[in-house]
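*Asks:* Dock chains B and C against the given chain A, drawing on the hints supplied.
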Amino acid sequence: MRDLAKEKAVDEKAIKISGLTKAFGAHTAVDHIDLEVGRGELFGLVGPDGAGKTTVMRLLTAIMTPDSGEAWIAGESVLDRPERIKERIGYMSQQFGLYEDLTVMENIRFYADLYGVAHRERPARVDRLLAFSNLGPFRDRLAGNLSGGMKQKLGLTCALIHTPEILFLDEPTGGVDPVSRRDLWRILYDLLREGVTIFVSTAYLDEAERCTRIGLIHRGGLLVTGEPRKVRHMLPFPMIEVLSPYSRRARDAAAAVEGVRGVVVYGDRLHLSLEKGVIADEVLAALASRGITVTGQRTILPSLEDVFIALVTGSEAGMTAGQER
Amino acid sequence: MGLLRIKAMAQKEWIQIRRDRLSLAMAFLLPVMLLLIYAYAITFDVNEILMVVYDQDKGSMSRELSAEFTRSDYFTLVASLDSYEQIDRYLDSDRARVALVIPVDFSKRIRTAKPTSAEVIVDGSNSNTATIALQYIAAIGEQFNRRQGLSPASPTIEVKNRVWYNPELKSRNFVIPGLIALIMSVIASVLTSLTVAREWDRGTMEQLISTPVKPVELVIGKLIPYFLIGFADTVLCVLISTFLLKVPLRGSVGLLFAVSAIFLVGGLSFGLLLSTVTKNQVLASQLGMLTSFLPSFLFSGFIFNISNMPVPLQAFTYTVSARYFVSVLKGIFLKGIGMRFMALEVALLSLYGAVVFLLACRKLRKRID
Amino acid sequence: MTDGAETAVEVRGLSRTFGTFVAVDAIDLRIRKGEIFGFLGPNGAGKSTTIRMLCGLLMPTAGSGTVGGCDILTQSESIKKRIGYMSQKFSLYDDLTVEENIAFFGGVYQVAKAKKGTRKAWVLEMAGLAEERAALTRTLAKGFKQRLALGCAILHEPPLLFLDEPTSGVDPLSRRKFWSLIRELADGGTTIFVTTHYMEEADYCDRLALIYRGRIIAEGTPTELRQRHMKREILEIETDSTIGALEVLLASGIDCAVFGSTLHCTVEDAAASDRTIRRLLDTSAITVDRMERVMPSLEDVFVTLIEVS
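Residue numbers (my numbering), protein chains in the order written: chain A, 1 to 325; chain B, 1001 to 1369; chain C, 2001 to 2309.
Looking at chain A on its own, in the form it has when it is part of the complex:
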């Protein structure tokens, strides 16, 4: 068992990054990033492909050397003590990193050996991890014959075999079926409860909402960091949700209303982003006057996707009516 109180006292922050930079030729993949992640947090690094997420992961797990800047993982510097860090963290790369021509158990055993897990501790730990991830019935199956979701769970199992303090997961739910995605997140929440710090990268903005804190990354730089709710409060533009049975027509009508910056359709719901200072009731009245039936409405917070787009395009320009669905 780890002594969390002691650890907390010794290194306050699980991850501390200062001015981290990495370039490949002319392309700057990671651009002077500063960031802190506290113990027991689930931090989400969110951004599309090419934003620099994988490079950040590789720098933090000490398998890549930064051009400048520093990072401390559990108090150890990635520049000075990379091998020591590797003993205390678990890492799951974006591409499946285990051996497809080995069985589930053979893969687990290999990583248990690599991390020097004591033999007497193994049976209990392995059983627990397999139960956790529902991989029990597949012990003897070749890893290459597992579905995408099961492969990810196996990857997670091998990254946890030595009970690391900090877990680094690079896009663990990419393209995985929804059921496995939920299972993976359930596992992550269980780990959080046990005090593991988790640093996860994702391109899915909806997953970002599940994190304790997030950082939006774009072209190697951090746009914003903070709790998801607080980030969503960042935009000065009010947003309303409108229910209408004829969402297509409603969308077209809403887009034409003055004061509406943009419309996004979710099934029978429309999310309208309004200009600063515009009053929701006036917009609703405008809709009604165009013959649009509105069966419900409420004020909502912009989604993280809205925030991301606004930050990327510059908050003034933001979403225009021409970019609606």
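Since the hints were derived computationally from the structure, they do not count as laboratory data.
Cβ atoms here follow ideal geometry from the backbone N, Cα and C, with glycine treated the same way.
Some clues are possibly wrong.
[As the list claims (entries may be wrong)] So the derived list for chain C, only partly shown, Cβ under 8 Å to chain B, looks like this:
| hint | residue |
| --- | --- |
| 1 | 2090 |
| 2 | 2093 |
| 3 | 2107 |
| 4 | 2108 |
| 5 | 2173 |
*Replies:* Showing chains B and C alone in chain A's frame:
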């Protein structure tokens, strides 16, 4: 047929080729390189054969005969010896390939017009050279006869040839030991050249280097299974050579396998080194073939005599580990010699193995960049 | 239902096996002209295999049908003349410039000489690459590559467009732009078949099929899917402690999952469960900001359907 499509295809291909500087350079440099290397390395000419003389007579005629040999460009006198044991040692250690033994009453018998003959011992372990040497020897013998005014037709001088080590001059016997060296050379580097590159290609390397495993642990761990396979291969080759192909094995089997083991470590480490440097399976296997097969074939003394190559190339052959292995194998198979005569080669093989092993460990960095 | 002239794609019992592995298992599809048809499912479900069979790139092991009026078993070359195809990897040449890629595909699709100039200008404009026409494709951001690849696929103005995961890993802004482009094309009469693993993109489509492990598990408009397949109801709950609420509810045996910043609970009777849940959360000192019955998201639908099968 769409001409437009053909044109589009050709144009695109041309643009891509133009932009790939490396392949373009290879396309022109490689033929030139190969042509030059082959032209210089492949030579079937034989000259400056090292020779020793055991002159039992020490008379004027015997000195004349010796001079006849050394005057020609084909033979170079290395030493004058006093016993067969000394000849043994010179031939065993490859310090000479030919020994001229002149009997004690040589000059006297010639002056009294009695038939006599000198004995020439030829090292047959390179049957190519030996055959050619025998022809030169016959020609020089005839020349001596003419010069001394002896009748060329009368067999007053007979250069009796005794080919040691490979009496039937079976080319197979001289090729096979060298062939084993070549095969093991290629197998060793091919076996290991893919292993690290494959892990990079499949993405398992990234996962591996995020753990506390040490590079030297990775290298040794990877070498062990391939070493066992390589060793089993060697045993298989030796068994086939001796039992099926009937190549004589006159030396110590234990020594043979011990030296093979040392050679294997070097060859396997070299393959591993290639793998860590290229990170790409296709490139690794191509490089593996190129850097193990060609040098081992051309520059190990396997078929083409090193001593007949231009001096710069000769110097280069010192870096080809197969060269030492070929010499050791021929020694053990055909000459039956022991460690005494191979100490230098074995030491160099060990040094090579150690250096390449350490290089492979250094080069296997636990970093992606 | 629809007469032949209105149908762009019609296949029955389409299957494909690789050795013993059944990648696609007897699927039926009918796609109308001018429709945006979505094929939704996780990786490995059989989306790419299906699209390749429809494009004439892969021979089905069973089944029959027509694409653009051509038989998929015997007329695959004719199919290729009538369609545009964008593969998952965007199928652009990284070591060619933007212009060179356009020129190449223009040649391969045999775009008429007279139209070459205008089509090229259109693609550059659409992709926002007019200023970067001489840039090496390798250096472009993913969003630009995506639009360029789309442009190259429709240089010859095909009536049918097949897009395999065109928005995978692309930033949200580019994704939205991309879908408006698709909408425009569809409004102009192009039939579009698109595969994706992003559940929320379903709403961009006119009709969808959900695919899982090679089989179609549901089909219809987004609304139909939501209404028809959920026997149970979804309560969306916003609290001040999502994870805490999740734990409490799961412990009480309520089927719950995190959805964005909310919880989605699948229940038999929303009204009754509403009371139960409020009581549970109240006891655990968790404030409920909002709880209401919502239409299931497509993820909810998908999960239900998978768990049933």
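*Asks:* Each hint needs a verdict: does it hold in this structure or not?
*Replies:* Against the structure, the hints:
Proximity of residue 2090 of chain C to chain B is violated relative to the hint, the smallest CB-CB distance being about 16 Å (cut-off 8 Å). Below 8 Å, beta-carbon pairs count as interface contacts, and residue 2093 of chain C has one with chain B at about 7 Å; its hint therefore holds. Taking 8 Å as the C-beta cut-off, the interface hint given for residue 2107 of chain C holds, the closest approach to chain B being about 2 Å. Because the smallest distance between the Cβ of residue 2108 of chain C and any Cβ of chain B comes to about 5 Å, under 8 Å, the interface hint for this residue holds.
Hint on residue 2173 of chain C is violated. Least Cβ distance to chain B is approximately 30 Å, over the 8 Å limit.
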